[in-house]
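> Here's the letter readout for the chains.
Number of protein chains: 2
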Amino acid sequence: MENQVLIFGHKNPDTDTICSSLVKEILDKKMGYENRKAVRLGNVNKETQYILNYLGIEAQDLIEKVEEGQEVILVDHNEFGQSVEGIEKAKILSVTDHHRIANFETAEPLYYNAKPYGCTSTILFEEFKQNGLKIDKKEAILMASAIISDTLLLKSPTTTDHDKKALEELAKIAEIDVNEYGLEMLKAGTDLDDFTGEQLVNLDAKSLEKNGVKFVIAQVNTVSIPDLLKRQEELESAIHNEIAKKGLDFLVFAITDILNSNSEILVLRK
Amino acid sequence: MENQVLIFGHKNPDTDTICSSLVKEILDKKMGYENRKAVRLGNVNKETQYILNYLGIEAQDLIEKVEEGQEVILVDHNEFGQSVEGIEKAKILSVTDHHRIANFETAEPLYYNAKPYGCTSTILFEEFKQNGLKIDKKEAILMASAIISDTLLLKSPTTTDHDKKALEELAKIAEIDVNEYGLEMLKAGTDLDDFTGEQLVNLDAKSLEKNGVKFVIAQVNTVSIPDLLKRQEELESAIHNEIAKKGLDFLVFAITDILNSNSEILVLRK
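Here the protein sequences line up with chains B and U, keeping their order.
Mapping the first sequence onto the working numbering, position 264 (from 1) lands on 613, and the numbers just tick up by one.
Mapping the second sequence onto the working numbering, position 165 (from 1) lands on 514, and the numbers just tick up by one.
Honestly, the hints are just simulated from the structure, not real lab data.
Hints are not guaranteed to be accurate.
One copy or any two copies: either way a pair holds, since identical chains are not told apart in the list.
Said to hold, decoys possible - Derived lysine-lysine pairs resembling BS3-like cross-links, with alpha carbons at most 25 Å apart: (1) K486 / K559; (2) K483 / K386; (3) K478 / K414; (4) K559 / K514; (5) K513 / K536; (6) K486 / K536.
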């Protein structure tokens with residue numbers, strides 16, 4: 350399609366990036382801009398896939414770069430380093446974002462709507478309201494999911510009253526129980542069943558050396574520490590293997606509950 | 350006052366910068382933010398002074414720099430090079446602007462409301478509407494004046510339908526005839542009576558040399574070319590003096606009508 354305006358969030362897309370770009374396409378079309386097309390810059394993660402499955406829809410098309418002069422709309426990011434290849438020479442029509450502004454510039458005036466909220470979808474929700482546009486069930490599920498994800502069920506320190514109010518209203522339209530749906534969604538995102546013990550120990554691991562002591566600090570996120578601790582024996586065996594393989598003095602393995610920031614720590618020595 | 354948030358536009362303030370910062374203070378106070386204070390970064394020009402006189406108010410305080418951590422709100426600009434000394438270490442709470450974004454960054458998320466309109470005050474006008482706030486006569490005069498100034502009475506190519514609609518509504522509240530008031534305001538801004546012929550020829554003059562030919566191109570802006578041409582003799586005498594003094598081959602003096610971009614050109618040779 351000629352003159353198509355591409356809408357996308359950041360690289361390594363999370364739920365807010367995927368959902369907000371889909372919602373921005375719908376919002377703009379409701380405002381009369383037909384030539385909008387949401388795309389994505391990377392693979393959909395497990396949490397987001399849960400939402401797409403729930404809605405019975407496919408993820409938007411993947412793109413890797415844009416040509417010079419391509420008209421684009423950014424959501425959930427502004428820094429060029431987090432954006433598509435070729436962004437420097439694209440024509441940015443608008444930005445909707447909740448991050449600080451840095452490493453961003455345009456040649457022309459544009460629409461830029463940033464608010465220091467917990468989630469981009471909360472800003473989009475307010476745009477629907479300001480423009481007197483109806484929010485359908487699908488849009489409500491997309492925006493509610495983004496808010497649940499970015500604010501960890503309204504528990505993260507970045508959560509604002511705007512996010513709370515938006516989620517409350519969206520949940521009604523979406524006909525979801527926020528806690529029930531949200532927990533399933535976050536659980537899907539932190540589903541560790543597909544990983545072997547060795548993979549879990551290496552998912553997010555930093556190798557450190559201090560005063561001749563060699564050690565590793567590793568972490569995994571979950572919504573249920575007890576669930577993962579059912580695999581404690583397997584994990585400890587994997588940790589012992591890592592210690593032997595890398596000649597470590599010890600390894601710290603933190604299992605963090607993302608909902609309340611509690612962690613269970615396993616420390617094993619050589 | 351402790352914890353005062355300073356609101357200002359760009360250096361070399363024009364009417365939009367002065368009026369929009371005054372209006373932003375009023376808007377924020379109506380939204381419940383009491384600790385706002387509009388300031389300015391430079392002298393008020395003749396056009397803006399006309400508006401302040403019309404309203405019987407003083408210009409806001411002048412500041413030259415801000416301390417580290419000072420909370421600030423920018424209107425009508427974003428580039429640090431056009432902003433206050435110390436802006437890099439200030440805490441920017443919000444920006445309302447109609448320019449491209451460049452040489453701007455923040456450490457924290459913020460409110461950023463940019464729209465590609467002809468004037469910052471048009472964006473503020475829409476914020477009043479979106480928040481269901483009443484616009485009083487004084488605010489209407491400030492915003493209408495800014496729109497008239499930045500769009501040259503809706504004639505500049507940057508004028509949008511948003512500016513037209515805003516000015517129409519503001520003029521009613523302001524109880525002004527847009528053309529009559531606007532022309533007087535623009536006339537005040539281009540008032541050249543205080544300048545001598547020599548000063549007029551040097552107000553905006555570029556010295557050039559090409560293929561051994563030395564010449565100057567000078568320009569003045571006005572809303573009435575005939576008015577200025579009443580001083581044609583005096584101008585020509587001043588131009589002859591410039592030619593003799595600088596050893597020029599010729600001097601081009603353009604008198605531009607800012608309302609329709611017509612120019613009357615005087616060219617005198619040595």
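> Are the hints correct? Go through all of them and say.
Do the hints match the structure? See the list:
{"no.": "1", "hint": "K486 / K559", "verdict": "neither (54 Å within a copy, 69 Å between copies)"}
{"no.": "2", "hint": "K483 / K386", "verdict": "within (20 Å within a copy, 38 Å between copies)"}
{"no.": "3", "hint": "K478 / K414", "verdict": "neither (33 Å within a copy, 39 Å between copies)"}
{"no.": "4", "hint": "K559 / K514", "verdict": "neither (48 Å within a copy, 67 Å between copies)"}
{"no.": "5", "hint": "K513 / K536", "verdict": "within (21 Å within a copy, 52 Å between copies)"}
{"no.": "6", "hint": "K486 / K536", "verdict": "within (23 Å within a copy, 56 Å between copies)"}
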